[in-house]
Amino acid sequence: MSVAFVIRFILIQNRAGKTRLAKWYMQFDDDEKQKLIEEVHAVVTVRDAKHTNFVEFRNFKIIYRRYAGLYFCICVDVTDNNLAYLEGIHNFVEVLNEYFHNVCELDLVFNFYKVYTVVDEMFLAGEIRETSQTKVLKQLLMLQSLE
Amino acid sequence: MPAPIRLRELIRTIRTARTQAEEREMIQKECAAIRSSFREEDNTYRCRNVAKLLYMHMLGYPAHFGQLECLKLIASQKFTDKRIGYLGAMLLLDERQDVHLLMTNCIKNDLNHSTQYVQGLALCTLGCMGSSEMCRDLAGEVEKLLKTSNSYLRKKAALCAVHVIRKVPELMEMFLPATKNLLSEKNHGVLHTSVVLLTEMCERSPDMLAHFRKLVPQLVRILKNLIMSGYSPEHDVSGISDPFLQVRILRLLRILGKGDDDSSEAMNDILAQVATNTETSKNVGNAILYETVLTIMDIKSESGLRVLAINILGRFLLNNDKNIRYVALTSLLKTVQTDHNAVQRHRSTIVDCLKDLDVSIKRRAMELSFALVNGNNIRGMMKELLYFLDSCDPEFKADCASGVFLAAEKYAPSKRWHIDTIMRVLTTAGSYVRDDSVPNLIQLITNSVEMHAYTVQRLYKALLDDISQQPLVQVASWCIGEYGDLLVSGQCEEEEPIQVTEDEVLDVLEGLLVSNLSTPVTRGYALTAIMKLSTRFTSVNRIKKVVSIYGSSIDVELQQRAVEYNALFKKYDHMRPALLERMPIMEKTASNGPTEIVQTNGEAEPSVVEAKHPPPVTQPTNQANDLLDLLGGNDVVPVIQTTVPTKPASAGGELLDLLGDLSLSGIPPMTAYNKNGLKIDFTFERANPNPNIAVITIHASNSTEADMTDFVFQAAVPKTFQLQLLSPSSNVVPTLNQGTVTQVIRVLNPQKQQLRMRIKLTYTHKGSAVQDLAEVNNFPPQSWQ
Chain A
1 MSVAFVIRFI LIQNRAGKTR LAKWYMQFDD DEKQKLIEEV HAVVTVRDAK
51 HTNFVEFRNF KIIYRRYAGL YFCICVDVTD NNLAYLEGIH NFVEVLNEYF
101 HNVCELDLVF NFYKVYTVVD EMFLAGEIRE TSQTKVLKQL LMLQSLE
Chain B
1 MPAPIRLREL IRTIRTARTQ AEEREMIQKE CAAIRSSFRE EDNTYRCRNV
51 AKLLYMHMLG YPAHFGQLEC LKLIASQKFT DKRIGYLGAM LLLDERQDVH
101 LLMTNCIKND LNHSTQYVQG LALCTLGCMG SSEMCRDLAG EVEKLLKTSN
151 SYLRKKAALC AVHVIRKVPE LMEMFLPATK NLLSEKNHGV LHTSVVLLTE
201 MCERSPDMLA HFRKLVPQLV RILKNLIMSG YSPEHDVSGI SDPFLQVRIL
251 RLLRILGKGD DDSSEAMNDI LAQVATNTET SKNVGNAILY ETVLTIMDIK
301 SESGLRVLAI NILGRFLLNN DKNIRYVALT SLLKTVQTDH NAVQRHRSTI
351 VDCLKDLDVS IKRRAMELSF ALVNGNNIRG MMKELLYFLD SCDPEFKADC
401 ASGVFLAAEK YAPSKRWHID TIMRVLTTAG SYVRDDSVPN LIQLITNSVE
451 MHAYTVQRLY KALLDDISQQ PLVQVASWCI GEYGDLLVSG QCEEEEPIQV
501 TEDEVLDVLE GLLVSNLSTP VTRGYALTAI MKLSTRFTSV NRIKKVVSIY
551 GSSIDVELQQ RAVEYNALFK KYDHMRPALL ERMPIMEKTA SNGPTEIVQT
601 NGEAEPSVVE AKHPPPVTQP TNQANDLLDL LGGNDVVPVI QTTVPTKPAS
651 AGGELLDLLG DLSLSGIPPM TAYNKNGLKI DFTFERANPN PNIAVITIHA
701 SNSTEADMTD FVFQAAVPKT FQLQLLSPSS NVVPTLNQGT VTQVIRVLNP
751 QKQQLRMRIK LTYTHKGSAV QDLAEVNNFP PQSWQ
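Just so you know, the protein sequences line up as chains A and B, in that order.
Heads up, the first sequence is in UniProt numbering, so the first residue is 1 and it goes up one at a time.
Heads up, the second sequence is in UniProt numbering, so the first residue is 1 and it goes up one at a time.
Heads up, a few of these hints could be off.
Cβ-Cβ distance ranges computed for the label pairs, FRET-style [stated by the list, open to error]:
1) A:Thr79 with B:Glu41: 23 to 33 Å
2) A:Cys104 with B:Lys72: 32 to 42 Å
3) A:Glu32 with B:Arg416: 49 to 59 Å
I should point out that these hints are in silico values taken from the structure, not numbers from a laboratory.
Remember, predicted model here, so these are calculated numbers, not experimental data.
The C-beta atom is built at its ideal place from N, Cα and C for all residues, glycine as well.
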C-alpha cells in the first residue's frame with residue numbers, strides 16, 4: 001500500500017537558493033538531496049502572488065509559503081490536505097518568531113542548531129507532533145536553560 | 001594549539017567572503033584545523049568543532065570525517081554535547097553507513113536516562129533516521145516509553161513508534177497493548193500523536209483496521225468535545241480549538257469508515273455537525289471543512305450528506321483565496337463520476353474558473369468542464385470551451401481540442417453544429433490538434449452525407465485564408481478531392497453558395513504542393529486530392545501535367561504517388577473512374593471502408609497516414625494470438641478478432657480507436673498519467689461476450705520538443721485481476737504530439753473489484769534514461785462494474 005500522509009522533507013531557503021534548514025524524513029543520497037534542493041528552489045521562486053501555494057513536484061506535492069525573503073517548503077504526498085499543512089507552516093513560523101523575538105534570516109543562520117531543535121519539537125517521523133505554541137515555547141526555554 | 005574559533009566567529013567570517021572561491025578557501029582552512037583538533041582527541045572543544053562542521057555541511061561542503069566525532073559526542077555525559085551529537089547524527093548519518101549502528105547502544109542507554117530531555121533527544125533521533133536493525137533492537141524501549149506517565153515523552157514515543165512500524169511492519173503487534181488507553185488521554189499533544197499512531201496501524205494492516213473500528217464512538221465523542229468545548233487557549237488557532245487534531249481525527253474516521261456501513265452510520269451526525277458549524281472565514285476552518293468533505297466522500301455516507309459536501313466544495317469555488325479554489329476543483333474532479341448531478345449544479349462557477357489566472361486552476365477547471373458536458377448543456381458549454389480554446393496557453397490547446405472533439409462526438413445536437421464546431425477548432429487551434437484526429441474527422445465528414453457540400457465549401461474558404469495549420473489543410477484537401485464537384489457546382493443548401501471555378505480549386509491545391517508551410521504528409525494529401533478531381537472535373541489535362549511534374553519529385557513518397565497516378569492515366573485509364581470513385585460510408589469499427597483494389601499506397605487516406613507509423617501492422621496480431629494461447633480460455637479467442645478494432649483488418653482501425661471505443665462502450669476515457677510532457681490516456685471497451693474482461697487502449701503522447709525513444713509501458717494489477725499486455729504500436733513517442741503510441745491492455749476482473757493499476761514507464765529523452773512509477777486509481781466505475 002502506498003505510504004500516505006507523510007512529510008518527506010522540510011526546507012527553508014532564501015531567494016538566492018541558500019538553504020537555511022533542510023530536514024529529511026526520507027532516505028536520499030547526498031547528491032539526490034542537492035538535486036532536490038535545486039529543483040525545489042527552481043520551482044518555487046518563479047511563482048508569485050497569483051499562483052496557489054501548492055505545486056506538484058515529481059510524485060509529491062510541495063506546500064510552501066513565502067515569509068519576507070525566505071521560502072518555507074514542506075513536501076508531502078499528493079493525497080494530503082494542503083490547507084492543513086499550510087496552517088502547519090504558519091504555526092511553525094509563529095513559534096520561530098516568538099522564540100527569536102521577531103525572527104529574521106540572520107537569526108536562523110547564526111542559531112541553526114536551535115532551529116533544528118524547534119523543528120524536532122514540532123515535527124517527528126514525518127508527522128506534525130506538537131501544535132500548541134505555548135507548550136513548544138516552554139520546552140524550548142527549558143532546553144535552553146540546560147545549555 | 002590555540003583554541004578553535006567559536007561558531008559565531010566562523011559564521012561571521014564565512015559571510016564576509018565575497019566570492020565562492022574565497023569562501024571555499026576559508027572552509028578548507030577551517031576543515032583542516034578541525035581535522036587536526038579531532039586527531040588530538042580533545043574533549044572540550046569537540047562540541048564546538050562539530051557544530052562548525054555542521055554549519056559548513058549546511059552550506060554544501062562535505063563533512064563525512066565528522067561522523068565518528070558525532071558518535072563520541074552522543075556518548076558524552078554533557079547535555080550540550082549530546083545535543084550537537086544527535087543533530088550531527090541526523091544530518092550526517094543515514095542508514096547506508098555502517099557507522100550508524102554504533103549509535104544503537106548509546107540510544108538505548110539514553111532512552112533510559114534520568115533526564116527526560118535526553119530521552120527526548122534519543123527518541124527524536126530514532127524516529128527520524130532509525131534503520132530497520134536499530135528499530136528492531138530498540139522497539140521494546142520505545143514501547144515502554146509509550147506507557148510512561150510523562151506526556152512529553154509519550155508524544156515522542158508515539159511518533160517514534162510510527163517510524164518503527166514503517167520500517168519494520170512486523171513489529172506492529174508489539175505496540176497493540178499500549179494503544180488501549182491512548183484515546184482516553186486528556187493531553188492534546190498525546191492525543192494527537194496517538195491518533196497518528198492509530199492511523200498508521202490501520203493503514204498498514206486490515207486486521208488492525210477491523211480491531212480499531214470499535215473506537216469510532218470514542219473518536220466521535222472527542223471530536224464533539226473539541227467543537228463544543230469552545231475556547232482552549234493553548235491549542236487555539238484563530239478561534240478554532242486544535243484544528244490539527246480535528247483534521248487528524250477526521251482522517252482516521254475516514255479510514256475506519258471506508259467500506260463499513262455501521263461505522264459510517266455512527267459518523268454521519270458528527271460529520272454533518274462539523275460541516276455546518278465550522279467557521280469559514282479563515283484558512284483554518286476551510287482546512288477542517290476540506291478534510292470533512294474528503295471523509296464524507298470516502299465513507300458510505302447517506303446522500304444528503306454527500307450533497308452537503310459537494311455544496312461546500314461549490315462554496316469553496318466562490319472563495320477569493322485561490323488555494324481554496326484549487327483544492328475544491330481537485331476534489332470535484334474526483335467526485336464528478338459518482339455524484340454527477342450534484343456537481344452539475346455548480347457548473348457555471350466551474351466554467352468561470354476557466355478564466356482564472358493560475359495555470360493549475362485553469363487546467364482543473366477544463367478537465368472538470370469536459371466531465372460535466374452532457375446532452376443538455378452541450379451548446380452553452382461548447383461556447384465557453386471554444387472561447388477558452390481561443391485564449392488559453394499552448395500547453396492546453398491539444399488537450400482542449402481533443403476534449404472538444406470527444407464531447408462533440410458524443411453529444412452533438414446536429415450534424416451541422418458538429419461540423420461547425422470542428423471547423424472552429426481547426427481554424428483556431430489547428431496546429432495543436434492531435435494527428436489521429438484528422439482521420440477521425442474525415443470519417444465523420446464522410447458519414448454525414450447531407451453535409452458534404454456545406455463542409456467542403458467552408459473548408460475551401462478556410463483554406464483561402466490560411467494554409468499554415470496542417471490538420472486543417474489535410475482535412476480540407478481530402479474533402480476537396482472527394483467533393484470538389486459539389487464545390488464547383490455551387491450546390492450548397494445551408495449557406496450562400498460561392499462561385500468557384502475548377503481552375504481556382506486547382507490553384508489552391510497546387511499552391512499547397514509548392515508552399516513551404518506544407519509538411520510532406522500534407523503534400524501527399526494534396527496530390528491525391530488533385531488526382532481524384534480528374535474524375536470529377538473536366539480540366540483533366542491540367543491535372544495530368546501536375547501529376548507528371550511530381551513524377552520526378554525529390555520526395556520519395558510524392559514521387560511514388562505521382563508515378564502511379566501517371567500510370568493510371570496511361571495504361572490503366574479504364575480503371576481510373578472506378579478507382580477514384582466517391583468513398584463509401586466507413587464503418588466505425590474495424591475493417592476498413594474503402595473497397596477499391598489495394599494499390600501500393602491505397603486510395604484510403606487513413607491508410608496513407610498509417611503508413612508513416614514504423615512497425616508493421618500484421619506483427620501485433622500474431623503476437624496477440626501467441627499470448628492468447630497462454631491465456632487458454634476459449635471464450636477469449638473470438639473476442640480478440642471481433643471487438644479489438646484493428647490489427648487483423650488494417651490501417652485505419654488503429655487510428656480510429658478513439659472513435660471506435662466511444663461508440664462501443666460509452667465508458668469515458670481517462671488520463672492515467674500526465675507528467676514531464678508525457679501523457680497517457682486510457683480508452684475503454686467492453687469485450688463481448690465476456691463482460692469480465694475490460695479492454696483498455698493506452699495512448700501515449702509527448703508534448704516536449706524531443707522524441708521519447710525506447711518507450712516501454714508496463715503495468716501491474718492487484719492479485720485478483722489478470723492482465724494481458726499486447727504489443728505496442730511503436731516504441732518511439734514522437735515529439736510535439738505528432739503521434740501517439742498505442743497499446744492494448746486486457747484486464748480480467750472476475751470478482752468485479754475496483755480496478756487499480758500500477759504502471760511503470762521507461763524511455764530515453766534527450767539522451768538520458770527516464771523511469772517513472774505511478775499508480776492509476778481514477779478508473780471510471782463503469783470500467784470494472
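Against the structure, the hints:
no., hint, in the structure
1, A:Thr79 with B:Glu41: 23 to 33 Å, "violated (50 Å)"
2, A:Cys104 with B:Lys72: 32 to 42 Å, "holds (34 Å)"
3, A:Glu32 with B:Arg416: 49 to 59 Å, "holds (58 Å)"
When held up to the earlier numbered hints, the structure conflicts with hint 1 and nothing else.
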